[in-house]
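Protein chains in written order, with the working numbering: chain A, 418 to 616; chain B, 10 to 255; chain C, 18 to 193.
Honestly, the hints are just simulated from the structure, not real lab data.
Only a predicted model underlies this, so the values are computations on that prediction, with no experimental measurement involved.
Each computed DSS-like pair below joins lysine-lysine, with the alpha-carbon atoms no more than 25 Å apart: (1) LYS137/B with LYS77/B; (2) LYS585/A with LYS232/B; (3) LYS235/B with LYS220/B; (4) LYS453/A with LYS220/B.
Computed far set for chain C versus chain A, every beta-carbon distance over 10 Å: (5) LEU26; (6) ASP94; (7) VAL136; (8) VAL147.
The following label-pair restraints were derived from C-beta to C-beta distances: (9) LYS238/B with ALA581/A: 39 to 45 Å; (10) LYS137/B with LYS456/A: 31 to 37 Å; (11) GLU188/C with ILE420/A: 20 to 26 Å.
Glycine included, every Cβ here is placed at the ideal spot set by N, Cα and C.
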Amino acid sequence: MKIFISFILAIVSSMLIDNVVLSRFYGICPFLGVSKKTKSSIGMGAAVIFVIMLATLICWPLYNYVLVPAGIPFLDTVAYILVIACLVQLVGLFIKKYSPTLYKSLGIYLPLITTNCAVLGVAQGNTDQGYTFLEALANGLGTSIGFFLIIVTFSCVRTRLDSANTPKAFKGLPIALITAAIMAIALMGLQGLFSGVIK
Amino acid sequence: MDKIKREKGYTKANFLKGLFVENPLFVSILGTCPALATTKTVEAAFGMGLLFTIVLLCSNVLVSLLRKLIPEEIRTPSYIVIIATFVTMVKMFTNAFLPELYSTLGVFISLIVVNCIVLGRAEAYASKNNVFDSFIDALGMGVGYTLAIILMAIFREFLGTGAFSIGTVFTFIPAAKLQIIPKGYEISLFQTPVGAFIVFALILAVIAFIKNRKAELKFNLDKQEKIRKAQEAKLKAQEAANGGNK
Amino acid sequence: MDSQKKHYLITALTLGIITAASAAIIGLTNMVTRDQIARNEENKINAGIVEIFGENAKKSGDQHNLENYKYVQYYYDVTNGTEQIGYAFRTSGSNMYGKISLMVGFYYATEAFKALSIVTNEQTYATTLVENYINPVNEGTRVVEDVSCGATYGARLVRDMIDECYTAMVEVIANG
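All chains, please: the whole structure from these sequences, using the hints.
Quick look at the structure:
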């Protein structure tokens, strides 16, 4: 029971308190690039959840049961990035087969999941901080769901920004970044939420 | 003679484009993750830019050397492996010889692998040009990115702590701190993630403002040029008519 | 058919060669830098012990790993060359503001808290924590329990780490 609770708490803290995009700065490129339309944001967020979960499930055992016993733990970065590149190719083929419209709307951003800092960041972070398998899963789940949450929220705000009367110099990216800053302030208010619960 | 002349002008333009016209951070909006995360202090930003430039130089040169040998289908995976190799080497050397920089930058040294700029330059430029041009291109992009993140770090550190301190990351420099804003009057918001977004947005807005101004001036100048030409043509037509009348 | 097969073979072989070469180069770099990295760790620990206990202090014996603690990882006996003068505990913890890693020193004779030294400090309000809490605690002008200092969450974490070190030390002494 305690493990279950701390699992849930770890996920929620990755999602809200230490949010992957607004606090840890992973995944900013797709965050700024894809979030112009809500539909493609949802598709991108779902694809990222899929890739991060698969990447965590493959990379953690790969490191702890293959690389470390073989005495080559320093090859982790190369191994992870190859795994992620293959995964993204597979996910692309999968989406192309089952939902060609989604594939077209994602366009060039699907191969860009390979260069999404969040995916490699989660895989490398699990190793660097020596998480157990459950902690790594919680980290991955929290990060990917947090990314999904933030990118969808942000795209909803951004579609309304297009019709707002912003100063000319701020049109487009600058006002979007200021909006992200305000969202980050909102999330800062959640800090300390679990300080009494997580011992 | 002609070939050397072309090289001279071309090389200079090749280098300078990475600094201003095609600055990877402020114009192409690439590589934003490390730019927001490692710019809390100027020293850390300089260290990040230095490591990034080293990786970019090595990978561009090697990709350019091998560009004729790598088959088309496995281009992207091969480039990724090459870049990952250099990043791991840089990570190990940093851990050994600059351990404070290693612990300050943390996981973002590994994330140079997925930095869009490195892969982008390898695919867009180094795979099509010779070694020297690729080297100069990488140098320009690297220096441009380093200057860009140092600019962001200057604002964040100056407004966020009121002081510039050196010697904390590069410990072979004696530690020194230059307190400009007195303590208690700094805006510590800028040291938090919120401040990073705000500084980035404001710099982009200033650049957009300057661009709009330039475009407006150019538009006005073109309009005046058109009016002047129309007047000249009218004058000429009048003279011709008068001359004909005479 | 043959040329297509040959093409696939060359493609796979090239990728294989590149990967093998990269693994070899990384392995070489690892061999070159491994000693230096280990030496850096040693120096960091020694520097921390000297910072806490003074010039002549050095660790004696191997590190004793401790299980079942949230923050404490291991400890060293610290001597001044002739007799044991204290314990040095290595702790590491994190809260929502980031990670912090400390070495905490206790006197051997009185079992009292002596000082702490920072190994890595990745807290968001790192400088505030150091200036308002850690430095005064080390100098003795501030009690460990007084955590409201402008970086209260960090100070609370540091206080929890010191308390756990004390518990660990009591257990180590009880076990002989």
